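Colleague: Sequence:
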Amino acid sequence: MANNHPDLIFLMETKLHASQYHFLKAYKETYSAHTINCSVNGGGKAGGLAIIWNHCTLNMTIINSDLYYVDMLISNPHNTQNWRATEKFGGNTLEPNITSSFRNTISHCDLQDLGYNGSIYTWTNRQPGEQLIKSRLDRFLATSNWTSMFPKYANYHLVRYRSDHCPILLEFSQDFRCRTNNPKHYCKRFEQIWTTDEQHTSIVMDAWNNKQGGTKEKLQHTLNALRNWGRKTFGIIPTRIKETQQALETLQLKSDTQRLNQQIKAKEKELDDLLEKEEMWWSHRSRALWLTHGDKNTKFFHLKASQRRKKNSIDSIKDPNGLQHSATFLNHFQQLFTSQPTTLVNETVQVVKNKITQDMYDHLSEDFTAEEVFNAIKDMKILVAPGPDGLPAKFYHTYWDIIGNDITKMALQVLNHEGNPEPFNTTHICLIPKITNPSQPSEFRPISLCNVTLKIITKTIANRIKTILPDIISPNQSAFVPGRLITDNSLIANEIFHYLSQTTRQTGFVGIKTDMAKAYDRLEWDFLQATLESMNFPTKMTNNILKCVSTVSFSILINGKPSRAFSPKRGLRQGDPLSPYLFIICVDVLSALISKAQNNKFIHGVKVAPRAPEITHLFFADDSLMFCRATKDETTHMKALITTYQQASVDHFSKYLGQPTFIGKYKNQAFNYIQDRVWKKLKGWKERNLSFAGRGTLIKVVAQAIPTYLMSCFLLPKGLCNHMEGLISRFWWGSNVDQRKIHW
0 MANNHPDLIF LMETKLHASQ YHFLKAYKET YSAHTINCSV NGGGKAGGLA IIWNHCTLNM
60 TIINSDLYYV DMLISNPHNT QNWRATEKFG GNTLEPNITS SFRNTISHCD LQDLGYNGSI
120 YTWTNRQPGE QLIKSRLDRF LATSNWTSMF PKYANYHLVR YRSDHCPILL EFSQDFRCRT
180 NNPKHYCKRF EQIWTTDEQH TSIVMDAWNN KQGGTKEKLQ HTLNALRNWG RKTFGIIPTR
240 IKETQQALET LQLKSDTQRL NQQIKAKEKE LDDLLEKEEM WWSHRSRALW LTHGDKNTKF
300 FHLKASQRRK KNSIDSIKDP NGLQHSATFL NHFQQLFTSQ PTTLVNETVQ VVKNKITQDM
360 YDHLSEDFTA EEVFNAIKDM KILVAPGPDG LPAKFYHTYW DIIGNDITKM ALQVLNHEGN
420 PEPFNTTHIC LIPKITNPSQ PSEFRPISLC NVTLKIITKT IANRIKTILP DIISPNQSAF
480 VPGRLITDNS LIANEIFHYL SQTTRQTGFV GIKTDMAKAY DRLEWDFLQA TLESMNFPTK
540 MTNNILKCVS TVSFSILING KPSRAFSPKR GLRQGDPLSP YLFIICVDVL SALISKAQNN
600 KFIHGVKVAP RAPEITHLFF ADDSLMFCRA TKDETTHMKA LITTYQQASV DHFSKYLGQP
660 TFIGKYKNQA FNYIQDRVWK KLKGWKERNL SFAGRGTLIK VVAQAIPTYL MSCFLLPKGL
720 CNHMEGLISR FWWGSNVDQR KIHW
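Just so we're aligned, residue 0 is where the sequence shown starts under numbering that gives the first Met the number 0, counting upward by one.
In case anyone wonders, no lab produced these hints; they're calculated from the structure. All of these numbers come straight from a predicted model, not from anything done at the bench. Take these hints with a grain of salt, some might be off.
Restraint-style ranges between C-beta atoms, simulated for each label pair [to be verified]: (1) K268 x R226: 25 to 35 Å; (2) L57 x K241: 26 to 36 Å; (3) G482 x V607: 37 to 47 Å; (4) K264 x E421: 49 to 59 Å; (5) R159 x N599: 53 to 63 Å; (6) I62 x K679: 44 to 54 Å; (7) N599 x V509: 44 to 54 Å.
Think about it this way: if two alpha-carbon atoms lie no more than 20 Å apart in a straight line, the pair counts; the simulated EDC-like pairs of lysine to aspartate or glutamate are [stated by the list, open to error]: (8) K215 x D400; (9) K539 x D520; (10) K393 x E371; (11) K377 x D358; (12) K433 x D272; (13) K241 x D272.
Where a beta carbon is used, it is the ideal one built from N, C-alpha and C, also for glycine.
Input sequences plus hints: build the corresponding full structure.
Modeller: What follows is the structure, given as structure tokens:
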């Protein structure tokens, strides 16, 4: 209390009676308290609760309380809205049916977990050795209305001291306008709602045609012109909606006349337009790509955008020394993208020598055309997050008739005439958490937000390269190759594991599952160049690829603010259309090394039947499965092959697609994580925020898509399918604690 000055404190297992809370006397000027006496059983004490609140900042009404819970109504003296906080004490979760009631309660009450910072566990039995149990028993849950009221919040698990439980601290604020505190640091971006006004095309045409300079200067000048016009034309939409509603109410209170009715209809149309623009504005920020606007789902999009902003915020990150500062990210990624010495590169890549035939070479050497450039932009998703220039693909789609010639000339200059892509090759690194509550920079995945101008160039190259990939990439690789399904290798892998578990042959086999750690980020550029040259890629195309890869400059986005720029010395960008194809081309070197060893009888693969092919490896992009006989010679040779590839490319081998490799008899337990994922997707969105059309889209595109990949390889238990069907039905029909709707 002295260090953090919380407004509300909840104590459990106090083992005290009301008369024993002597320490509260020191805080009586500021804090009030409600206490629950502990119980006495067999001479020992157990339980005891205490709610302590700052009566200067909170109004507290205790609704009900018992030995195990306190139900309270809380309000801010400066705000008329109330919220209700309920803390409940429970045990460990074991089987899914034990937690189903708790999950249903969360769903019915429209609650969401507020997450946490700090240690994962809030409770421990403090027993030694194998008897030690830890669990996250204590958590904050809140409704979507509460998170909208207090969009800036953070839950902290504090240090546990002399108790089974650690204190949890919730900090929150109504200040939602963090972006406007220092707007010069944040990115200027194109707004989708600008396209709803009739003047938007003329604004772009005037700005584009009247600006002298190159393509980069014209793009920035046009965006600035749109922003200035947008501020004047659209203003602050919520304010305009409120003003229009007040004007409409004033008109409706007057006596009916024909002229007045016309004014009311005009004002209603104006309000419809404003509400549609508000919905589009929130839709743009929600990144709910599975659902388009037009359903008046403003509330849904608002909640989705708020949740997304909270999920992407970085509140507490420590460096290895325990210090908390944003520079930790910059140091981490500068080190990650720093080149390391390689060995035997040219010798290693000889295994893929001359994979490009003369016909392929001629096709790759042809000059790029304007049609290929247009096809590249046409294939892009229009509203994915833009790069540093703030212009998404929708800008290019909408105004291609105005800007298309200049963009095409710029792209063809780079592709055909040794132009320089560096002016457009700035990239923001967006940090996506790999785990639920990351605490180290290494627990974030760096996704590159490239400028669309640069993506047009790289996607044009990628579209041409992918036409030859089925002929040059080993059949053992199933990812990113046209005409191949990643599920094919999954089926083969499970057939092999089934065979290994059933076979009675004396000769044993070993299966090695590997994942390349930071696979894209660690790939050395000299290894990439050597691989392309060894495969016989045309020199012009190789140079174009290397220019796009090596002239990049990175800035890291931390809570929306870009860091200072730095230039990497290795790595491929996750988010660049060209990167997946370059990566599997480089990984094909490892595939060729293994195949060569197999041909030379140094290793032997698994044959599940006498006439079946011998399988030594299966690749799923950066995940891999390798097989050989369980002998010292073959395992040593397999290790040597992996080491050779690591030394040449500096990729490090550390789940292959999240699928279980051995199921056994207990299928429900093995596949239970699927229904957990479905439940998490549906639990946070109440039916009042989505129409039936919106709910149907969410079910089809998101919820039903989650088990589809797994079901392509496995027959899921009927009980599991019925349970997921029940989750979807409750979400569709909207049953809640007050009303049981009929499920037709």
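Colleague: Taking 49 to 59 Å as the hint, is the beta-carbon distance of K264 and E421 inside that range?
Modeller: For K264 and E421 the Cβ distance comes to about 56 Å; the hint holds.
Colleague: Does the Cβ-Cβ separation between R159 and N599 fall within 53 to 63 Å?
Modeller: holds (58 Å)
Colleague: How does the Cβ-Cβ distance of I62 and K679 compare with 44 to 54 Å: does it lie in that range?
Modeller: Cβ of I62 to Cβ of K679: about 30 Å, so the range 44 to 54 Å is violated.
Colleague: Starting from K377, check that the Cα of D358 is at most 20 Å away, please.
Modeller: Given that 20 Å is the threshold and the Cα spacing comes to 28 Å, the pair is violated.
Colleague: Starting from K393, check that the Cα of E371 is at most 20 Å away, please.
Modeller: holds (18 Å)
Colleague: Taking 44 to 54 Å as the hint, is the beta-carbon distance of N599 and V509 inside that range?
Modeller: violated (19 Å)
Colleague: With the threshold set at 20 Å, check whether the alpha-carbon distance from K433 to D272 stays at or below it.
Modeller: violated (40 Å)
Colleague: Is it true that the C-beta distance of G482 to V607 lies inside 37 to 47 Å, as the hint says?
Modeller: This hint is violated: roughly 24 Å between Cβ atoms.
Colleague: Within 25 to 35 Å or not, the Cβ separation of K268 and R226?
Modeller: Holds, since K268 and R226 (Cβ atoms, about 27 Å apart) stay within the stated range.
Colleague: With 26 to 36 Å as the target window, see if L57 and K241 comply at their CB atoms.
Modeller: holds (29 Å)
Colleague: With the threshold set at 20 Å, check whether the alpha-carbon distance from K215 to D400 stays at or below it.
Modeller: holds (18 Å)
Colleague: K241 and D272 were given as a pair; does the straight-line alpha-carbon distance stay at or below 20 Å?
Modeller: Within the cut-off at roughly 13 Å; holds.
The structure fails to meet hints 3, 6, 7, 9, 11, 12 from the earlier list, while all remaining hints are met.
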